[in-house]
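Using UniProt numbering, you'd call the opening residue of the sequence shown number 1 and step up by one each time.
I should point out that these hints are in silico values taken from the structure, not numbers from a laboratory.
Quantities reported herein were computed from a predicted structural model and do not represent experimental measurements.
Certain hints may be false.
Distance condition first, Cα-Cα at most 20 Å in a straight line; then the derived DMTMM-like pairs of lysine to aspartate or glutamate [said to hold, decoys possible]:
| no. | residue 1 | residue 2 |
| --- | --- | --- |
| 1 | K85 | D67 |
| 2 | K47 | D71 |
| 3 | K26 | E4 |
Label pairs and their calculated CB-CB ranges [claimed, not checked]:
| no. | residue 1 | residue 2 | range |
| --- | --- | --- | --- |
| 4 | A79 | G9 | 35 to 45 Å |
| 5 | A83 | S8 | 41 to 51 Å |
| 6 | G9 | D59 | 11 to 21 Å |
| 7 | R27 | F77 | 47 to 57 Å |
| 8 | D59 | A83 | 26 to 36 Å |
| 9 | R42 | L18 | 22 to 32 Å |
| 10 | H15 | L46 | 46 to 56 Å |
| 11 | Y88 | H49 | 33 to 43 Å |
| 12 | A66 | G43 | 16 to 26 Å |
| 13 | S2 | H69 | 35 to 45 Å |
| 14 | L18 | K47 | 26 to 36 Å |
Where a beta carbon is used, it is the ideal one built from N, C-alpha and C, also for glycine.
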Amino acid sequence: MSTEGSTSGLHHDYHDNLYILLRGRKRFRLYSPGDVDSMYTRGTLLKVHPNGRINYEGDETTAYGADLHSDQAASAFSAQQRAEKEVYLASCPHRVTCDSVYGGVAGGS
1 MSTEGSTSGL
11 HHDYHDNLYI
21 LLRGRKRFRL
31 YSPGDVDSMY
41 TRGTLLKVHP
51 NGRINYEGDE
61 TTAYGADLHS
71 DQAASAFSAQ
81 QRAEKEVYLA
91 SCPHRVTCDS
101 VYGGVAGGS
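When you get a sec, could you build the whole thing from the sequences and use the hints?
Here it is, written out as structure tokens:
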């Protein structure tokens with residue numbers, strides 16, 4: 001609950017919002033992420049993702065908010081696992097046996 005005349009400073013939220021007004025009225029001013037170059041931002045603007053998520057230097061994320069470096073590491077690890085499985089299966093003379101052995105040892109796909 002807030003009192004009459006209270007305000008929120010200009011800011012951007014990373015997630016969807018639901019605002020429920022119990023009494024009185026509230027005015028919202030919405031700006032396009034494309035207008036960010038015309039605004040005074042706190043931090044150095046690095047990128048505006050197509051979905052409107054804004055990144056600043058030192059705090060880059062994916063468009064959906066995940067840490068960029070952990071996302072890249074997870075993708076690289078998955079690619080490595082797939083490549084290792086392909087090499088193993090390509091060198092195996094008995095495909096059915098190798099599929100079951102690899103699945104049991106390394107967790108399958």
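Fill in: Unmet hints by their number, sorted upward, for this structure
Hints 1 and 10 not satisfied by this model.
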